[in-house]
Amino acid sequence: MVSNVADYKTEVHNDWCPGCGDFGIVSAIQMALAEMEVPRHKAAIFSGVGCSGKTSHFINTYGVHTLHGRVLTFAQGAKLANPEMTIIAAGGDGDGLGIGAGHFVAAGRRNVDMTYIIFNNGVYGLTKGQASPTLKLGLKTKSLPEPNVNQSVNPIALAIASGYTFVARGYAYDVRQLKDLIIAAVQHRGLSFLDVLQPCPTYNDINTRDWFSGLDNIDEMTLKPMPRIYKLEDIGYDPLVHIDSPAEENEKLTQALIKSNEWDSKIPTGIFYKNEIIAPYDERMAERIPNYLENPPAYQEISSAGKSITNISKMLDALEI
Amino acid sequence: MSSIDLTWVIGGPQGGGVETAANIFAGACAGCGLKIFGKREYYSNIKGEHSYFGVRVSDKTIRSNVSGITMLVGFDAETIFRHVEDVFNDGAIVYESELTAMTVDEVHTLDAQFKERLKKYLVSKNKPFTIQGLLDEAKERGVTLYPVSFREILANLADETKNPKLRGMFRMQNVLAVSVSLGLLGLPPDTLLKSVGSIFSRKAEIAEMNKTAANYAYNLATVKYSKFKYQLPQIPKEEHTMLVQGFQSTSLGKMACGCRFQSYYPITPASDESVFLESNEIFEVENNRPGSTLVVQTEDEISAIGMIIGASLTGTRSATSTSGPGFSLMAEALGWAGINEVPIVVTLYQRSGPSTGLPTRHGQDDLLFAIHAGHGDFPRIVYASGDTEEGFYDTAKCFNFADIYQIPVIHMMDKFIASTVSTVPRFDSNKITIERGKLLEKIQDAGYKRFTPSPDGISPRSRLGLENGIFWNTGDESDQEGHISEDPENRIYKMDKRAHKLELALEQIPKEDQAINYGISDFCILSWGSVKGPILDAIDMLKKEGYKVGFIQIKMLHPFPSKYIQSLLSGVKTIIDIEANQAGQMGSLLNEHLDRKVDYYILKYTGRPMTCNEVFDSVKKIIDNKAEKKQVLTYGV
Numbered sequence: 001m002v003s004n005v006a007d008y009k010t011e012v013h014n015d016w017c018p019g020c021g022d023f024g025i026v027s028a029i030q031m032a033l034a035e036m037e038v039p040r041h042k043a044a045i046f047s048g049v050g051c052s053g054k055t056s057h058f059i060n061t062y063g064v065h066t067l068h069g070r071v072l073t074f075a076q077g078a079k080l081a082n083p084e085m086t087i088i089a090a091g092g093d094g095d096g097l098g099i100g101a102g103h104f105v106a107a108g109r110r111n112v113d114m115t116y117i118i119f120n121n122g123v124y125g126l127t128k129g130q131a132s133p134t135l136k137l138g139l140k141t142k143s144l145p146e147p148n149v150n151q152s153v154n155p156i157a158l159a160i161a162s163g164y165t166f167v168a169r170g171y172a173y174d175v176r177q178l179k180d181l182i183i184a185a186v187q188h189r190g191l192s193f194l195d196v197l198q199p200c201p202t203y204n205d206i207n208t209r210d211w212f213s214g215l216d217n218i219d220e221m222t223l224k225p226m227p228r229i230y231k232l233e234d235i236g237y238d239p240l241v242h243i244d245s246p247a248e249e250n251e252k253l254t255q256a257l258i259k260s261n262e263w264d265s266k267i268p269t270g271i272f273y274k275n276e277i278i279a280p281y282d283e284r285m286a287e288r289i290p291n292y293l294e295n296p297p298a299y300q301e302i303s304s305a306g307k308s309i310t311n312i313s314k315m316l317d318a319l320e321i
Numbered sequence: 322m323s324s325i326d327l328t329w330v331i332g333g334p335q336g337g338g339v340e341t342a343a344n345i346f347a348g349a350c351a352g353c354g355l356k357i358f359g360k361r362e363y364y365s366n367i368k369g370e371h372s373y374f375g376v377r378v379s380d381k382t383i384r385s386n387v388s389g390i391t392m393l394v395g396f397d398a399e400t401i402f403r404h405v406e407d408v409f410n411d412g413a414i415v416y417e418s419e420l421t422a423m424t425v426d427e428v429h430t431l432d433a434q435f436k437e438r439l440k441k442y443l444v445s446k447n448k449p450f451t452i453q454g455l456l457d458e459a460k461e462r463g464v465t466l467y468p469v470s471f472r473e474i475l476a477n478l479a480d481e482t483k484n485p486k487l488r489g490m491f492r493m494q495n496v497l498a499v500s501v502s503l504g505l506l507g508l509p510p511d512t513l514l515k516s517v518g519s520i521f522s523r524k525a526e527i528a529e530m531n532k533t534a535a536n537y538a539y540n541l542a543t544v545k546y547s548k549f550k551y552q553l554p555q556i557p558k559e560e561h562t563m564l565v566q567g568f569q570s571t572s573l574g575k576m577a578c579g580c581r582f583q584s585y586y587p588i589t590p591a592s593d594e595s596v597f598l599e600s601n602e603i604f605e606v607e608n609n610r611p612g613s614t615l616v617v618q619t620e621d622e623i624s625a626i627g628m629i630i631g632a633s634l635t636g637t638r639s640a641t642s643t644s645g646p647g648f649s650l651m652a653e654a655l656g657w658a659g660i661n662e663v664p665i666v667v668t669l670y671q672r673s674g675p676s677t678g679l680p681t682r683h684g685q686d687d688l689l690f691a692i693h694a695g696h697g698d699f700p701r702i703v704y705a706s707g708d709t710e711e712g713f714y715d716t717a718k719c720f721n722f723a724d725i726y727q728i729p730v731i732h733m734m735d736k737f738i739a740s741t742v743s744t745v746p747r748f749d750s751n752k753i754t755i756e757r758g759k760l761l762e763k764i765q766d767a768g769y770k771r772f773t774p775s776p777d778g779i780s781p782r783s784r785l786g787l788e789n790g791i792f793w794n795t796g797d798e799s800d801q802e803g804h805i806s807e808d809p810e811n812r813i814y815k816m817d818k819r820a821h822k823l824e825l826a827l828e829q830i831p832k833e834d835q836a837i838n839y840g841i842s843d844f845c846i847l848s849w850g851s852v853k854g855p856i857l858d859a860i861d862m863l864k865k866e867g868y869k870v871g872f873i874q875i876k877m878l879h880p881f882p883s884k885y886i887q888s889l890l891s892g893v894k895t896i897i898d899i900e901a902n903q904a905g906q907m908g909s910l911l912n913e914h915l916d917r918k919v920d921y922y923i924l925k926y927t928g929r930p931m932t933c934n935e936v937f938d939s940v941k942k943i944i945d946n947k948a949e950k951k952q953v954l955t956y957g958v
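Order-wise, the sequence lines are chains G and W. This note's numbering applies: residue 1 is where the first sequence begins, and numbers increase by one. This note's numbering applies: residue 322 is where the second sequence begins, and numbers increase by one.
Rather than coming from a laboratory, the hints here were simulated on the basis of the structure. A quick note: this is a predicted structure, and the numbers were derived from the prediction, not measured. Mixed in with the good hints there might be a few duds.
To be verified - Pairs of lysine to any residue residues, derived as SDA-like cross-links and limited to a Cα-Cα distance of at most 20 Å, are as follows:
#1 W:558 x G:42
#2 W:763 x G:301
#3 G:42 x W:789
Could you put the whole structure together from the sequences, leaning on the hints where they help?
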């Protein structure tokens, strides 16, 4: 029986701007959780700070609205202590690629089995529209006094370079595709990254819904708009690293990097890169601590009737003279 | 038998085996039943700069270092230049005899300021700027000199054992130096060999080679040189004594009290604690499966504290360990743990600040910062241990405080404790209790709210993964479920609910855990943390001279136990604040919380720990009415 999407909704008043792409992402997360039938108490949404930070309050699972830029640190700690949890971290592009960029890279190296979704809109919305790390050089969105003076960071390429083993992009207004991508991301064993293009209707007046739909880009022959967004699966793109060989890995990494550089007239969505050969962090831990997954930190018994049951006598014996 | 109290110091270039030598020495002495208090001093450097290890040995309990050296051992020139002045007139120097012609200017690791002071000293003694000059001056004072050619010992050893490789094994001069000095001090050789064996226990071949060398050097010392005037006898060993490094205390405390998640970013002097935890990550648990501590090295200290908050939300006892610079980065997340009532423990191994400061030196610079770190008003407990033994038991207390009050706890340790090697009674896990407060194991019914009101202000705590226990957390102010709320009435409820914990802690935490009263007198020392050792030793010395001094060691620095301390001080005429920072940080707390002011300050901020002699001298001056209001201590290189 498929769980009811409504079970995953809270009654918290949603104060995002009308038309905000964030609504689609929250719906997609709720639909994905329902479809996977994740028990509500076995899932936790961690969020950063900014408009997207409120996401955790709208989803009826454990919800942890953390600090600006630090969502991955909280989320990883929880997952490592209780590997049974389904953990989704969510945050804006400023949160994850600006103030939190160090954590973004470090998380890739660990490959903890969880999902990270970046709500990517090119602006810091909640502080009134300053340029974020993904805004292209020279663009002057609505509230910028001067055009953006910095180059943009490429989130897909950065994720790949950092070691994320599942890298994909969704579009906030294609909720069905996004839901499928979230399911694929959550079911991936390892750290999955999802870059979601999420137009900010209030402050990004350049990369708008209409812009993504190509309304400014009319085909001279058909007189129809040529949408910028397209799906990698529609062009027969294969993101999976099939065999454990450097040549195969290089090929898949390279094609993903090349695809990640497409922008302006053609913007790919879907799965860019997927590698199931690299061991997730919990497996690496289990090599050191054989019963880590059966007896993880959160479930270890530490006391009996208020007394310690940990036997440290071997360590003390070694120190005795 | 007169009592034994001597200080043996070995120095050499960082990476040259000084620490190994000192561990062998300490192990051998402790193996003979003697009490040990040793400390390591080193530069922020990997190889080449001067490091030294001082080991104080006694037949009675000792808790600090002294000013001065009974026997100095140096196989390099810098050690001689740095420390000869500190050798007692009735002390001894064991040195590399081939180095005597070395001049001050030839030792490039001596800094200009030190050279200038040394030259001035040598000029005043009318001696040339050479090792020989310095040694001659020492000899004239009465110091016994033991010239030893370690190169020659190696050559002879190579010939006698028909092992030509040994000739070039200069790495072994540390073992030779210890062995020679133990020969001169008359400690039974079997304990030396046992200690060498246990230090190199991981490599049998190397252990054997070093034992041979140790035995040879020991015998040489007894045959070639006359005995040193002070001898180390074997005395009855107290059962269950450990030789422990300070940082091991909090590691072992964490294992024992059930901390199962620790994250850290490398920093001196805190990371040794995490590395020790990771080295012992799996352990036995009574009537249960093996347990483990997950130790995660993070990308920075922000991540370290973020991870332990996440882990703590699952109900896991979680901690991080850091020093001042790292703790500075943790300030924002500390407030998040505060507003969301998440129990975490931050073990803060202080060192000298500000900024990078004296990165490998001691200091108690972070007390006020620990109390105030983070923006906004939120409760935390700041709790300070005075020595290695307290480090173990206090760790367990800190976790209890965190769980009971659902609050961040900052456990103050420091570099002095971290790098102290001392003999202490075996830690006893049966003496610690584990109290998890209102952490829930099960929730039967729907309708749970994380921040639901309760008579004592502390709400039952769910954990991620618990059925019916769903909650929300946010760094914003929140309602009872944990959703964002900017409602003014709710704001008052939540702020007061959190603040109330401090009153509760003051009320509930036993007085003897808040402060230790070692006796009250007209003159009373108030202090905190690792100054405890030098103070207690100094009080014993003062007593012998007929001076009576009281001492209160404050352990809970925040919330401050004003009423209790006030009550202890009712008969006290003069308050003396002693601490290892420039500002007199605890003194300012006393001035703020008590209805009277500190009368005298004894402070040290050279980065070197106080010796008992320094405390003795400065307290005596106060009692004799010869002291300034503030005395600044300076001993140590």
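Now the hints, each set against the structure:
1. Simply put, residue 558 of chain W and residue 42 of chain G have alpha-carbon atoms about 55 Å apart, too far for the 20 Å limit, and the pair is violated.
2. For the hint linking residue 763 of chain W to residue 301 of chain G, the alpha-carbon distance of about 15 Å falls within 20 Å, and the restraint holds.
3. At most 20 Å may separate the alpha-carbon atoms for a hinted pair to count; residue 42 of chain G and residue 789 of chain W meet this at roughly 11 Å.
Violated hints amount to a single one, hint 1; each of the other numbered hints is respected by the structure.
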